[in-house]
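Participant: One-letter residues, chain by chain:
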Amino acid sequence: MEIIKADTHFDFVRMMKPNLIMSLAVIIIGIASLIWHGGPNYGIDFAGGTLIQIKFQNETHTDKIRAAFKSLGFEDSIIQDYGPKEVIVRTAESGTDAKGLTSRVEEGLSAAFGKGAYEVRRIEIVGPKVGKDLTRKAILAIIFSWIGILIYVGVRFEFRYALGGIIALIHDVLVAITFLSLFNKEFDLNIVAALLTIIGYSINDTIVIFDRIRENVRKNIRQSLVEVINASVNQTLSRTILTVLTVLIVLIVLFIFGGPVIHDLTFTLLVGTITGCYSSIFIASPIVLLFEKIKPSGLKRKK
Amino acid sequence: MFKSIRIRAAVTIVLCLAALVYLAPSLTSDLPDTWKKYLPTDRIHLGLDLQGGMHLVLEVETAKAVESTLDRTANDLKENLMENRVRFKIHERTQDRNVTFEFPDAASRDAFDKILHNQYPDLEAASSEMVEGKGLVSLKIKDKRAAEIKKMAVEQSLETIRNRVDQFGISEPEIIPQGTDRIIVQLPGVKDPARAKNLIGRTAMLEFKLVDEDHSLEEALKGNVPEGSAVAYESRMDRDSGRRSEIPLLLKSRTLMTGDALESAKVQIGDRFGQPHVSLKFNAQGSKDFDRITAENVKKRLAIILDGVIHSAPVIQERISGGQAQITGSFTMEEATDLAIVLRAGALPAPVDILEERTVGPSLGQDSIDKGTWASIISGILVILFMIFYYRMSGIVADVALVMNMLLLFGVMVAFKATLTLPGIAGIALTIGMAVDANVLINERIREELRLGKTPRAAIEAGYTKAFLTIFDSNVTTLVAALFLFGFGTGPVKGFAVTLTIGIVVSMFTAIFVTRIFFDHFIWNRKIERISI
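Keeping their order, the protein sequence lines are chains A and B.
Here the first sequence is numbered in numbering that gives the first Met the number 0, starting from 0 and rising by one per residue.
Here the second sequence is numbered in numbering that gives the first Met the number 0, starting from 0 and rising by one per residue.
Keep in mind that the hints were calculated from the coordinates and are not lab data.
Quick caveat: nothing in here was measured; it's all calculated off a predicted structure.
For each residue, glycine too, the CB sits at the ideal point set by N, CA and C.
Treat the hints with care, as some may be off.
[What the hints assert, rightly or not] DSS-like, lysine-lysine: derived pairs with alpha carbons at most 27 Å apart:
# : chain 1 : residue 1 : chain 2 : residue 2
1 : B       : Lys465    : A       : Lys4
2 : B       : Lys150    : A       : Lys136
3 : B       : Lys139    : B       : Lys88
[Said to hold, decoys possible] Beyond 12 Å from chain B on every Cβ pair, some chain A residues (computed):
# : residue
4 : Gly38
5 : Ser76
6 : Leu181
7 : Arg211
8 : Gln222
Please construct the entire structure, taking both the sequences and the accompanying hints into account.
Facilitator: As structure tokens, this is what we get:
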């Protein structure tokens, strides 16, 4: 069976310009959305704070829960439904007295609902110090992974390929952040994990195409780079689509059945997988082409 | 690599069997005794998010350890100066945490310098100046020594916390240092997180001080605290109402004894109310000291202070020479047990702050396991069907490789004692998707070569050779990202990086090495004319 016919001749290079503009537009929307929301919606991992997941025996109205937490002194708690009879309560409060916080919550809940009517299933308290630390580490991890990939691709291919790959990666991360911001998802450690996975996946995809370009450049020394890129993307097209499909199958299943804890993680991965595939075709290669125009490589090729 | 199909098949089978051996204990608990004797019995290690438990990040306030060393040394120096009849005054501690001495004339200043230089190698003058003929010297602990104290404070805290946790009875706790002054504590399956946290986090500094009965408490509460004394509070619980009240007491600042003098501590039930109390047994030096202190202070009140709070302040009725004492108070049984544990394990050299806490209840963990497992199985089946549908026989070969990939992945995880977390399960599911990618690359290449009119044998040869470099380069770059994820991540995220990394490495083996065996077998041994791809 074949989804993509063997002998496609799409002119991808011609489609690159409108796609670049589209990408830029998406990223600008993302920046606008970030400004609109007043920056990324940091979860407690980065902002510090407390998250409490409670499961109730009976249907319990959020107003009642809010009242219970208000009497505990958590003025600005956000209460979110999290599955049947289950809620997540978030507050900005954290570090001052982490030792007593848990017992305070327990006392307050049992006073309001009675012992046994609820179960505290998860408590996460992150102090501001740790939050700052984690933020710094997350940003460093992403940037260093870019640098690491830049070096590896630079060594294995050529520097302009490396640059094309990295710009595609930055693009993917920015688009993913755009969607996270548009859907007002929270930035936490899982999201950073997802972003790094997207980086890993997208570069994988890009390398497959680059590899083909490298091969074709050697094979057809007299062909123009535009033709080589077009041919290479077409030749790898069926693989690109197939791989995206299998990964998407997995991610959609995880998204539907994986449970709420990894919901946002899989959401980010879904967005990233699609953009990763798109950027490999429409972002990474044109950048290589662009650098070819600025500074032609040593090989004599007809224009 | 190896030419012989047999050798290659044997390598594969041996690896799979090894993986099965490692996995068997996780799959069944009903293993024969001979197995338990000679073969691995480790089960797959589940992260706290899956099995439930508590994760704490503690910070040792190492500066406080330096401060208290400075206090102790300065006190010693003070007494030394008095013995040597050097005239001086001590200033209130300033913001920079140094201790400042004031000397009225040059002679006492010189005497001080001599004593400091000869007897206190850990101290040095942070600043010294002459103000209106008076010498002001502010002392601090030498930087090198301070660094040592800080390091020791962390090491000692680690040891103490480990002791406490061991005595609390939690199986497989993990207590590891992080950075310069942090400690990570992981307690799987802990039932009462609040109690565990209280046990780990308290300093448990036990002190014995005399109650100052020469001065008026009322005056002190108004702010006129006499020199050498300080106000502390006794926490009392009313047995009927259950309400706690705080009673102030004026204590002499000098610490007569500390928890260091203890040999053991245990819970005992008092005979009158069935009230638990903690009985203390002093070590040899402690017994001697306690004997002397009680002899010198009969009819005076001796306060027992834990972390700055007075537990009780009984009147010394007579000299106590047996080396035994009791801490009474309104304890519950649990509180008394925990108090005995922390006293036995010893005090922390400096207070610790809880910077981060993550507690997952066991039921949530089980939920996550169930959901993650189902999602992985469903997505695995879908991918397997998709591959068969798309590539026919070659798809089946890829699927065999995929199943082997899962087997080896879990086997490696058990063998390396890697931790499986919920994001880790997502990582495995993702590996499923990415593992078939290598086979897609190979199969697409073979198709291309076949289209060029090559024989099956040549097409397979060319397909594998050409696809190998692509697979290698693309997977190494993904590995680079995964390694950074590993370096950055804590807990669940690290688990994600682990499964992704192992998955990528294993998939290179199964997708390239294992599938080739099948293809070669069909081409060489069965001499097939057409490839079903």
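Participant: Indicate, hint by hint, whether the structure satisfies it.
Facilitator: For each hint, the structure was consulted:
Restraint check for B:Lys465 and A:Lys4: satisfied, since their Cα atoms lie roughly 21 Å apart, inside the 27 Å limit. Restraint check: the Cα-Cα separation between B:Lys150 and A:Lys136 comes to about 24 Å, which is no more than 27 Å; the hinted pair holds. Using a Cα cut-off of 27 Å, the hinted pair B:Lys139 and B:Lys88 holds, with the two alpha carbons roughly 17 Å apart. The beta carbon of A:Gly38 is kept farther than 12 Å from every beta carbon of chain B, the shortest such distance being approximately 21 Å.
No beta-carbon of chain B comes within 12 Å of the beta-carbon of A:Ser76; the shortest separation is about 17 Å. Look at A:Leu181: its CB is around 22 Å from the nearest CB on chain B, clear of 12 Å, so calling it non-interface holds up. Distance to chain B contradicts A:Arg211 as a non-interface residue, since its nearest Cβ pair spans about 8 Å, not more than 12 Å. Chain B leaves A:Gln222 outside its interface by the beta-carbon criterion, the shortest separation being 18 Å against a cut-off of 12 Å.
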